[in-house]
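First to last, the protein sequences are chains A and B.
Residues 1 to 247 in full-length UniProt numbering are what the first sequence lists, from first letter to last.
Residues 1 to 247 in full-length UniProt numbering are what the second sequence lists, from first letter to last.
Source of the hints: derived by calculation from the structure; they are not laboratory data.
Any given hint could be a false lead.
Unchecked claim - The calculated DSBU-like cross-link candidates involving lysine-lysine, where the alpha carbons are at most 35 angstroms apart (straight line), are:
hint: 1; chain 1: A; residue 1: Lys73; chain 2: A; residue 2: Lys224
hint: 2; chain 1: A; residue 1: Lys13; chain 2: A; residue 2: Lys174
hint: 3; chain 1: B; residue 1: Lys13; chain 2: A; residue 2: Lys174
hint: 4; chain 1: B; residue 1: Lys13; chain 2: B; residue 2: Lys174
hint: 5; chain 1: B; residue 1: Lys170; chain 2: B; residue 2: Lys226
hint: 6; chain 1: B; residue 1: Lys224; chain 2: A; residue 2: Lys13
hint: 7; chain 1: B; residue 1: Lys226; chain 2: B; residue 2: Lys174
hint: 8; chain 1: A; residue 1: Lys13; chain 2: B; residue 2: Lys170
hint: 9; chain 1: B; residue 1: Lys174; chain 2: B; residue 2: Lys73
hint: 10; chain 1: B; residue 1: Lys226; chain 2: B; residue 2: Lys13
hint: 11; chain 1: B; residue 1: Lys170; chain 2: B; residue 2: Lys13
hint: 12; chain 1: A; residue 1: Lys170; chain 2: B; residue 2: Lys13
hint: 13; chain 1: B; residue 1: Lys13; chain 2: A; residue 2: Lys13
hint: 14; chain 1: A; residue 1: Lys224; chain 2: A; residue 2: Lys170
Stated by the list, open to error - The calculated label-pair distances, taken between Cβ atoms and stated as ranges, are:
hint: 15; chain 1: B; residue 1: Gly128; chain 2: A; residue 2: Ala206; range: 32 to 38 angstroms
hint: 16; chain 1: A; residue 1: Lys170; chain 2: B; residue 2: Ala171; range: 37 to 43 angstroms
hint: 17; chain 1: A; residue 1: Ala206; chain 2: B; residue 2: Gln97; range: 26 to 32 angstroms
hint: 18; chain 1: B; residue 1: Gly128; chain 2: A; residue 2: Glu186; range: 20 to 26 angstroms
hint: 19; chain 1: A; residue 1: Glu228; chain 2: B; residue 2: Thr166; range: 47 to 53 angstroms
hint: 20; chain 1: B; residue 1: Ala206; chain 2: A; residue 2: Arg190; range: 24 to 30 angstroms
hint: 21; chain 1: B; residue 1: Pro69; chain 2: A; residue 2: Ser209; range: 46 to 52 angstroms
hint: 22; chain 1: B; residue 1: Gln97; chain 2: A; residue 2: Gly42; range: 42 to 48 angstroms
hint: 23; chain 1: A; residue 1: Asp191; chain 2: B; residue 2: Val17; range: 20 to 26 angstroms
hint: 24; chain 1: B; residue 1: Arg92; chain 2: A; residue 2: Phe213; range: 17 to 23 angstroms
hint: 25; chain 1: A; residue 1: His59; chain 2: B; residue 2: Gln210; range: 39 to 45 angstroms
hint: 26; chain 1: A; residue 1: Tyr218; chain 2: B; residue 2: Lys73; range: 39 to 45 angstroms
hint: 27; chain 1: B; residue 1: Val17; chain 2: A; residue 2: Ala29; range: 30 to 36 angstroms
All C-beta atoms in this analysis are idealised placements derived from N, C-alpha and C, irrespective of residue type, glycine included.
Here are the chains, one letter per residue:
2 protein chains.
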Amino acid sequence: MQNEILQALAARKSVRVFTDEPVTAEERAAILEGAFQAPTAGCQQLYTILDITDPALRHTLADLCDHQPFIEKAALCLVFLADCRRWPLAYRAAGLQPRDPGPGDLLLAVADACIAAQNAVTAAESLGIGSCYIGDVLENAEAMRDALHLPDHVVPACMLVFGRPTDQQKARPKPARFAEAAVVCENTYRDRTGEELRQDFACRAAAGSQVDFDFDRYIQAFCKRKYESDFSREMSRSAAVYLRAFL
Amino acid sequence: MQNEILQALAARKSVRVFTDEPVTAEERAAILEGAFQAPTAGCQQLYTILDITDPALRHTLADLCDHQPFIEKAALCLVFLADCRRWPLAYRAAGLQPRDPGPGDLLLAVADACIAAQNAVTAAESLGIGSCYIGDVLENAEAMRDALHLPDHVVPACMLVFGRPTDQQKARPKPARFAEAAVVCENTYRDRTGEELRQDFACRAAAGSQVDFDFDRYIQAFCKRKYESDFSREMSRSAAVYLRAFL
Numbered sequence: 001m002q003n004e005i006l007q008a009l010a011a012r013k014s015v016r017v018f019t020d021e022p023v024t025a026e027e028r029a030a031i032l033e034g035a036f037q038a039p040t041a042g043c044q045q046l047y048t049i050l051d052i053t054d055p056a057l058r059h060t061l062a063d064l065c066d067h068q069p070f071i072e073k074a075a076l077c078l079v080f081l082a083d084c085r086r087w088p089l090a091y092r093a094a095g096l097q098p099r100d101p102g103p104g105d106l107l108l109a110v111a112d113a114c115i116a117a118q119n120a121v122t123a124a125e126s127l128g129i130g131s132c133y134i135g136d137v138l139e140n141a142e143a144m145r146d147a148l149h150l151p152d153h154v155v156p157a158c159m160l161v162f163g164r165p166t167d168q169q170k171a172r173p174k175p176a177r178f179a180e181a182a183v184v185c186e187n188t189y190r191d192r193t194g195e196e197l198r199q200d201f202a203c204r205a206a207a208g209s210q211v212d213f214d215f216d217r218y219i220q221a222f223c224k225r226k227y228e229s230d231f232s233r234e235m236s237r238s239a240a241v242y243l244r245a246f247l
Numbered sequence: 001m002q003n004e005i006l007q008a009l010a011a012r013k014s015v016r017v018f019t020d021e022p023v024t025a026e027e028r029a030a031i032l033e034g035a036f037q038a039p040t041a042g043c044q045q046l047y048t049i050l051d052i053t054d055p056a057l058r059h060t061l062a063d064l065c066d067h068q069p070f071i072e073k074a075a076l077c078l079v080f081l082a083d084c085r086r087w088p089l090a091y092r093a094a095g096l097q098p099r100d101p102g103p104g105d106l107l108l109a110v111a112d113a114c115i116a117a118q119n120a121v122t123a124a125e126s127l128g129i130g131s132c133y134i135g136d137v138l139e140n141a142e143a144m145r146d147a148l149h150l151p152d153h154v155v156p157a158c159m160l161v162f163g164r165p166t167d168q169q170k171a172r173p174k175p176a177r178f179a180e181a182a183v184v185c186e187n188t189y190r191d192r193t194g195e196e197l198r199q200d201f202a203c204r205a206a207a208g209s210q211v212d213f214d215f216d217r218y219i220q221a222f223c224k225r226k227y228e229s230d231f232s233r234e235m236s237r238s239a240a241v242y243l244r245a246f247l
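Please work from the sequences and hints to get the whole structure.
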C-alpha cells in the first residue's frame, strides 16, 4: 500500500547536520501544533515542552548530552518533559490534596511526551525540516535539573533538534530496519534464539546492502560502543535519580 | 501553515467504536511498516510488538485493562513492549556477558516503543483506520506477565487497538487541546500559578465550545474519576513491579 503519508514515514531519517536556514515562527508553530494534536491520555497532555532558545543553555545541553555540538547548531531544540506535576497543581488549585505521583504516572507521562514528540517529527518532516532525537537527555540528572530548573516529578522523556538537512544529509541512506519476524510476535512474547538473532541481523545487513556482514564482530563492537559505554551506564545511574522521586 | 500531513495529524482522534470491517493483511503490514520506519535509538528498535489475534487472550487483555470490552472488538490489537532483552541476548549470542539492563535502558526503550507506536497510528489514519491507545496495559503486572509470557526486562509501554470508525465516532468532535502557553516554556521549567491554571483550563474549555465551564467542579470530578481512581493507583503499584527488575 502507498500514499503520501506512508511515503513520508518511510522516507524520514535522522538529520544531524543542518544548513543555517532558520525555522520560521510559522513552522515552529506548526511543529508544536502537531505535538499538541497527538493522542494523549485522558486529554491531559502530560508533558511540558521546553523550547531552548538561549545559546548558553544550548551549549550546556550539548555538553550534558554526551558532548554533541550539533545540538547547538540546530534551528530549533525542544525538550519533551514527562510532567507529573501540572495536574496535581491544578488539583491543589481546586482545593484538593492529591496523592504523590507514582511510577505508573511517570511511565504514562513518558509515553504521552514521546507520542507528542513523534507527531512533532512528522509535522516537521512535512515542512522539509529534519530532526534528531537525543536520548542522552536522560543523562546527568543533577546537572540537567539545575540547568532546566526541573522540580521533582518532571523528567526529560526525550529531546529533539530540528533544522534543514544539508545536501550530504539528504543523500545519506536511511539505515535498514529489522524484518517483521525479528520484532513482532503473535499473542505472546518469545525469545529469539541465538540462531534466529544471527539471521535477524544478517537480514537487516542485507536489506542495507551491507556485504561481508560479520555478526560477532558487529555485535561485539556495537556492545562496546553503546551498551557498555560510559554514556549508557550514566543514563541508568541518572534515570535512577529521577525515578527515586516516584518510588 | 497547511499541508496534507499537518491536516491528518490535526484531524486524528481516538476511536473506541469500530465497524465489523477487518483490517486487511496489506493494511496491517503498512501499519507495522510505519512503526518500523520510526526513529529509533541507535537503530536498535528497542521494542517487541505483540499482535494479539487470539480471542481468549483479547478477552483477558480487555479485562486486565480496566474492563474495556471494545478492546475485544477491535480489528487489530498491538501491544508495544519496551524490550531490554533482545539486544543483551544478541550480545550473549556473540559470546559476551553484558551487564543487566538498568532504568536508563528501560526509559529509552519505552520512548522507542511509543515513538514507533505513534507512527503506527499515523500510518493507520492515512488508510482510514482509527486507533486508540490503552494506557491501562501498564496495570496488573503479574497477570499481564502471565498472559503475555513477559520475561524480566520486557515491559508494556503502550497498547493500541485499531479499526474502522463508526459514523457516530467520525462525527464526534475532537477534544480541544491546551494553548501553547499552558504547555511550552522558554528555556527553563516554571510552574503554572493557580490563576494561570484556571485560565489554561478555561481557554481549553472555550476552544472546545464548552459553556459555563466551572474549574473547581471540573477538576474535582476529573481528579476523582482519574487520578484518585482505583485503576490509576493500580497503575503505579503495577509499574513498580516492572521497575523492580531494573533497580
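Structure versus earlier hints, numbers of those that do not hold, lowest first: Violated hints: 6, 20, 23; rest satisfied.
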